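Respectively, the protein sequence lines represent chains A, B and C.
Going by the working numbering, the first sequence opens with residue 231, and the numbers climb by one from there.
Going by the working numbering, the second sequence opens with residue 231, and the numbers climb by one from there.
Going by the working numbering, the third sequence opens with residue 231, and the numbers climb by one from there.
These are computed hints drawn from the structure, not numbers from a lab.
A hint or two may mislead.
When chains are identical, the list treats them as one kind, so a pair holds in a single copy or across two.
As the list claims (entries may be wrong) - Calculated cross-link-like contacts (lysine-lysine; reagent style BS3-like; alpha-carbon spacing at most 30 angstroms):
(1) K379 / K432
(2) K483 / K379
(3) K432 / K267
(4) K432 / K483
(5) K267 / K483
The structure displayed is predicted, hence computed values, not measured ones.
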Amino acid sequence: MIGRDLLSMDDLERAEIERVLDTAVHMQEVGLREVKKVPTLRGRTIVNLFFEPSTRTRTSFEIAGKRLSADVINFSSQGSSLSKAESILDTAKTLDAMAPDAVVVRHGVAGVPRRIADVLRSPVINAGDGAHEHPTQALLDLFTVRQEKGRIDGLTVAIVGDIAHSRVARSNITGFLKMGAEVRVAGPPTMLPPAVETLGVKAMTRLEEAIEGADVVMMLRIQRERMGAPVFPSVREYAARYGLDREKLRYAKDDVIVMHPGPVNRGVELAPELADQAPSVILNQVRNGVAVRMAVLYLFAGRPRGAEGD
Amino acid sequence: MIGRDLLSMDDLERAEIERVLDTAVHMQEVGLREVKKVPTLRGRTIVNLFFEPSTRTRTSFEIAGKRLSADVINFSSQGSSLSKAESILDTAKTLDAMAPDAVVVRHGVAGVPRRIADVLRSPVINAGDGAHEHPTQALLDLFTVRQEKGRIDGLTVAIVGDIAHSRVARSNITGFLKMGAEVRVAGPPTMLPPAVETLGVKAMTRLEEAIEGADVVMMLRIQRERMGAPVFPSVREYAARYGLDREKLRYAKDDVIVMHPGPVNRGVELAPELADQAPSVILNQVRNGVAVRMAVLYLFAGRPRGAEGD
Amino acid sequence: MIGRDLLSMDDLERAEIERVLDTAVHMQEVGLREVKKVPTLRGRTIVNLFFEPSTRTRTSFEIAGKRLSADVINFSSQGSSLSKAESILDTAKTLDAMAPDAVVVRHGVAGVPRRIADVLRSPVINAGDGAHEHPTQALLDLFTVRQEKGRIDGLTVAIVGDIAHSRVARSNITGFLKMGAEVRVAGPPTMLPPAVETLGVKAMTRLEEAIEGADVVMMLRIQRERMGAPVFPSVREYAARYGLDREKLRYAKDDVIVMHPGPVNRGVELAPELADQAPSVILNQVRNGVAVRMAVLYLFAGRPRGAEGD
């Protein structure tokens, strides 16, 4: 994968996903040492190019890069309108001229990381673009499920919320399907993408139906500002129908795990007690994010392009 | 102290304060070397979690961490209202999941670092919370006094200004009293906390009386936006009565030193010539801040919890 | 040059400029290695003190510092009015007390870096001050020309645009003249400084005349907000008369190179095809910026003052 871009979960075959997850196991061991650092990327430069505010993802990539001994350069800009596409590309090309070994890009508009990747020599890692993709989130979710369940193949995964506007949903659907899971999605009809079943998932409009017998329930963060708009329910209505609490969770398997990409709107998509306690694995997801991003940086930026790979 | 939080000067016994100061002496030697770096915290991660703007304190902690070879992650947010307490705790728990070795917290509301510490596994260092505490400022002030005077025990220390709203005053009162100094505070009556003498200090409303025979005069920064409000004097009036100049300084001992946590309002709490020249030791305080914070990070985050400490 | 400030190209003699460029050749080799890092400034602290927004210059200095193994501290502030000169100096003195090995300063007001340098013990590197100077930009431009042309002495260099308000123009005029080039400047009469020819350049008001037979054409970035004001042309009018395209470029030598400090206003000072393709060397300038700034940091901050230099 050295020198390639990671823009979408479509970019990875199943064997490559497994390679990322296996590598992340080793990276997680590094995080348990007293000296949480390996010299793998010493002398490499990683640029975090964030056109959208972010806390956990930016910090997670920064810690991942530093634990690999890379130099990490943070570059934030709020100029995220598509009309500024030209200046975004100029900025990216300028940074590329400084010869970074990877550029991690987040942008509010779908497709911007791909356009940047088209003009850059460095590998580009998509850290979230609009409602499009967030592949490292899907990889850390897969890692977390495999760690908790011992496998992904054959599991039933329910993803609940605003499926149509969620990059987390989109990347996870692709990822879990590739790894052999059954994927169901659920949400209000206006929050389900048209023809979503052509992706290979089962679509439902009742949460209880979607999570029935599920091994994994992944709740999506609701964008409160969308609530109450003509085609969206009120927050109260949403929470009543699509919020998860212990009562509704009985529909799932006894050993179900509950996931959420964070930050949680407590009392909306998740009851407070589910946000903080088992069977939720939300903080495990965060913790695993560092290990998975270390794996991604190592595999995509770890060696010079042109050198013999493996 | 390994693995403990440093939230308040009340958390430290006298022997522990002395241990911090003694360690800082060694750390200061590191700062004089050509290579100003020791491998003590290599592979450790320190998160600077600042919910309030800061320049010197954030930079001081960042330089301290880097001189100990730690990876330092800066995380700033202006969302500092108490109503957002839940999201602040979520942010802190998220960062904690990434397994930092210390989290340095500044927040505009008193008590937030303690609430954060309650839910975090990492040691939390309070870098200033509202009008409550700023323990590393007190430690660097103690260090500076000991360096200049050779001792703290038995000295007379006058703290002048808005005592009631100053975290610097509060932490220093506790620190100097623990170390055996006599502490006097002075300010307009509305700027003295009720029953301040129960803390063990002498309270005065005249500057001249407070600094008479003092070994150390610590002037507090005035919040100009408070001036002129119903219960506060005008800036001009404040400067005339509670501003320090060479004339008034004659009341103190001949070898008095003048301290200020910075930045100075020249011509308000300090006459310009006192801000920049001896007997003021303001830049020494800044310089010592790096060494003292190196000592704090080393002592509180230096070794794995569970390992045999000392 | 150890321990000296770099505030202006006037601070450097020709032999010193050559030394910077020669050193940058070695630094560029570091950037081509798999491990793009040398231990030269290990344990040194470099502060980026930016009072004006900047992307490429700040990032370039940060990467340069990190490739030399220095600890780089970023300090940004938007408080850039001259009335705050006192607080700027206080900030600078505070940072100086933390014993950095170099302070890189950018400010919107001419002369601020010099005022800061007057009160600091650390070497100060000017990273751009108002319309005054931007010496490291001139050095990287000189480096780029020497790399492309094999020499600077005897070349004809045309600088086109708002000469009067450009720190890039001012520093480059001094630099190219010192290195033996012939320098012409061109722009609307209101954009030429009074008595500009006393600097040793030829001033013209027609672009075609200025670039006739030129080896190097350097186009300046236009400040769009100035356009259309009483004494300035409209953007359209400016582009027609002072924008460069392939047609006009025929006046220059066949092997001319086109430079621009970036970011380019495409279709204003440069036709789009010239912004992205040969003979433009704009991305080379960016790339060389890292090597040249590594050389500057090494030469000015590399050794303790007082040690035997060379």
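Do the hints match the structure? See the list:
1. K379 / K432: Only inside one copy: K379 and K432 sit 22 angstroms apart there, 64 angstroms across copies, limit 30 angstroms.
2. K483 / K379: within (12 angstroms within a copy, 70 angstroms between copies)
3. K432 / K267: Answer is neither; intra-copy 43 angstroms and inter-copy 51 angstroms both fail.
4. K432 / K483: within (18 angstroms within a copy, 67 angstroms between copies)
5. K267 / K483: Neither, since 39 angstroms and 52 angstroms both go past 30 angstroms.
The earlier numbered hints that this structure contradicts are 3 and 5.
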